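Guided by the hints, dock chain X onto chain B, whose structure is given.
The listed protein sequences correspond, in order, to chains B and X. Mapped onto numbering that gives the first Met the number 0, the consecutive letters of the first sequence carry residue numbers 0 to 475. Mapped onto numbering that gives the first Met the number 0, the consecutive letters of the second sequence carry residue numbers 0 to 475.
Keep in mind that the hints were calculated from the coordinates and are not lab data. Mixed in with the good hints there might be a few duds.
Identical copies go unnamed one by one, so any copy, or any two together, can satisfy a pair.
[Stated by the list, open to error] 30 Å max Cα-Cα, derived DSSO-like pairs, lysine-lysine:
#, residue 1, residue 2
1, 106, 434
2, 414, 59
3, 329, 196
4, 333, 6
5, 177, 190
6, 196, 177
7, 116, 414
8, 106, 177
9, 306, 263
10, 411, 373
All of these numbers come straight from a predicted model, not from anything done at the bench.
There are 2 protein chains.
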Amino acid sequence: MRRTKIKDLLAHGEIGAKVTVKGWVRTFRSNRFIALNDGSTINNLQAVVDFENTSEDLLKRLTTSAAVSIEGTILESQGKGQRIEIEVENLEILGDADPDEYPLQPKKHSLEFLREKAHLRPRTQVMSAVYRVRNALAYGIHKFFNEKGFVYMHTPIITGSDAEGAGETFRVSTIDPKNPPLGEDGEVDYKEDFFGKPVNLSVSGQLEAEVGAMALGDVYTFGPTFRAENSNTSRHLAEFWMIEPEMAFYDLVDNMDLAEEMIKYLIDYAMEQCPEDLEFLNQRYAQEEKTKPQNQRAELGLLERLKFVSDNNFERLTYTEAIEVLRRSKPFKKGKFKYPVEWGVDLSSEHERYLVEKEYKKPVILTDYPKEIKSFYMKQNEDGKTVAAMDVLFPGIGEIIGGSQREENLEKLVKRMEEMDVPQEELWWYLELRKFGTAPHSGFGLGFERIVLFVTGMGNIRDVIPFPRAPKSADF
Amino acid sequence: MRRTKIKDLLAHGEIGAKVTVKGWVRTFRSNRFIALNDGSTINNLQAVVDFENTSEDLLKRLTTSAAVSIEGTILESQGKGQRIEIEVENLEILGDADPDEYPLQPKKHSLEFLREKAHLRPRTQVMSAVYRVRNALAYGIHKFFNEKGFVYMHTPIITGSDAEGAGETFRVSTIDPKNPPLGEDGEVDYKEDFFGKPVNLSVSGQLEAEVGAMALGDVYTFGPTFRAENSNTSRHLAEFWMIEPEMAFYDLVDNMDLAEEMIKYLIDYAMEQCPEDLEFLNQRYAQEEKTKPQNQRAELGLLERLKFVSDNNFERLTYTEAIEVLRRSKPFKKGKFKYPVEWGVDLSSEHERYLVEKEYKKPVILTDYPKEIKSFYMKQNEDGKTVAAMDVLFPGIGEIIGGSQREENLEKLVKRMEEMDVPQEELWWYLELRKFGTAPHSGFGLGFERIVLFVTGMGNIRDVIPFPRAPKSADF
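Next comes chain B alone, as it looks inside the complex (with noise of 0.2 Å):
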């Protein structure tokens, strides 16, 4: 007989049905209920073993995390908190798990000890949780673009070029690392290697999305990223995953109109299509708030910061504006702001979580920022000092989203290249798309990680992706 998933079974299973279903053991106590999980749901079925007629051995087999296949019909249950149970009437132990060495025994592990166990942490519920609402996430991504007639473009992983002119990035290469070829000038020769010419693990998919876009019109990336920083933090992965929209004919509102709603669009598909995982998480988000001293707790829980956020416009005000609503705040008249705030500097993370937590107590969209600390490739405004860019600032979070328009001019883009020492000779290609039927066009990146933190409640970034990646780490 087929099995059945078990998240299929607890909504339609009918009384009185036979049925099969797999999956691994949760908990068995008693010596007759099996709390049963395939990974379909964070719920359990339990399944009751007629205990005197099942022989000792098999009973002492369904430990933890062993797999089974069970035959039985389903029974309205007796038990709280659900519909049916099963009454076991055959049951086949697929696999066992010694309890005496299976390391994830039904007790609370800590999430550092369950990273070590990256094989097995999805059997466990928050794991799996937030792996299925990682999961709904990227469908909603490519949902809600596919439904806005967006194309998905592959922009390419392996590049000679960098993106973002800034950032360490990983080499990638096939010649002999312990003797390489040199060339005349006892450099590396990179002729020798496999493409020719030094190439690195792309940091950014935007330049090529706007190859998409001055052709297609509306296109997005989905893919990984990589930076080679040193930096062993709780936000930051060697590793990630980027969705990079581009549009042909979008300046900088329209930019952030479609920024906002597609994370708005996000949280309600993740809620919708995700009820009971977030339902767990949220309890389990509320007992970590409990852990921390009162005026350090978030004001929110998780379920009702996703629907403030969904419910809320999202602020807007330019970086000229940011600067004098830090200045007159009492963060800074008090100098408990440890760095500077004056016109020109880039904001660091507490006056971003000033300005959101704080300040306007909803997400915060800052526009219009310094050239000096923005990319080349950003659009010039007229005033001369700032550039049509945005940052979409959350709560816990940080900065979600960066963006621009671009700068469509091509002597205005060469001259600031030139001003920020960005080499043309590598982007001949982009500059071309200035040369020959420029348009104004925007886009923006979203880490991906970044909104499943945000939608999961989760603390680390290590903890919502299945094997993450970081200093000295690439286990798996």
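Below, chain X without anything else, positioned relative to chain B:
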């Protein structure tokens, strides 16, 4: 006024409505008729200029690939093949395209030439059609698996393990390429590298996807994979995208059923979503075929072939049966095969093509290959000689899917790894999946560009990915 996309306009634009459209000039003829395209569809919108009341200077700038913004009124079209056209009331040039410099004039360019202009080629009819079909196939994949309750899983790109145990890999590193740190043994000291050990770009996410399947039940990956093989063919890329579903409790038959269902779904989905693009590609394919000698032409046109694959069951037979069929075949008896046909050899392209194109005239799934020519992780059959592998072979493409039931028995897996010199230390976590709650499971890999090739009828894999990566080739 907000711009309307040409696709929407052509489908739903109401006669008499005032609209704004933006896009690129495909052609401008008789000083009156602009064929305008904005990438939302392969079809152009005809915009009619009142040339008597338009300055000569402006008319001169209406060159191929110039970006324009047009306000006007929708009229019933007098021309053939189009329902509506637009009477231009306001015309603005957003970006010029000097006809003396713009390389893609409205004539047929070779696909080789277009590859060198990868930043402009999405503006051509053929490439924009390919990219839209590629987009539909990508979304179709997510839709198919999402509707079945699969969890989309991001497996790592940077990895210390090499799933296939074969295939050349790209090294990823941040150590000094010229003077790498050396250990006491005189070898490169990877402890000083970013990840503290040698790592490479993943050739497959399968092993990590198995982690997901053994907890979440049904998962799939869709991400980039890499092969550092020095092969400059029309079928291979150094960087390509793979889809790798992995399912708990699936045997080989379930696996074949899913693969066949998925491919048919994708073909149907593309035909439903991209009828105009595929009609164009169908004509292109027919023209290409005409340039071939009569006896090398395909029997079916592109659309006919897609429909045929969608409508018919794939032929399923074992490797052993296939060897018998081949040895009974005319080309074998006449000594026409270049490579030997005997039990134990890996089938060559000529053999696969014979089976698919001559013997069965439809997709073929071969199963139960000799274990010697397949990977260590495939489930060993009871005969001691074969493994529960499957390859899906397609006309014109060859292998489009490779998969297997996985060996879930720890002892058998360890023994096979020993026999094949696969290091166990690195894969301790993979082995633990068999130690704790193991269960039968299966999966397969679909090379995304292979299915895009098949559906678009293009001849070279470099023309179905925006920025192809191949030996000595990593431009853009």
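Now the hints, each set against the structure:
no., hint, result
1, 106 - 434, "between (63 Å within a copy, 20 Å between copies)"
2, 414 - 59, "between (75 Å within a copy, 28 Å between copies)"
3, 329 - 196, "neither (54 Å within a copy, 49 Å between copies)"
4, 333 - 6, "neither (55 Å within a copy, 58 Å between copies)"
5, 177 - 190, "both (17 Å within a copy, 14 Å between copies)"
6, 196 - 177, "both (18 Å within a copy, 14 Å between copies)"
7, 116 - 414, "between (51 Å within a copy, 24 Å between copies)"
8, 106 - 177, "neither (48 Å within a copy, 50 Å between copies)"
9, 306 - 263, "within (9 Å within a copy, 40 Å between copies)"
10, 411 - 373, "within (15 Å within a copy, 57 Å between copies)"
In the structure shown, a violation is registered for the earlier hints numbered 3, 4, 8, in ascending order.
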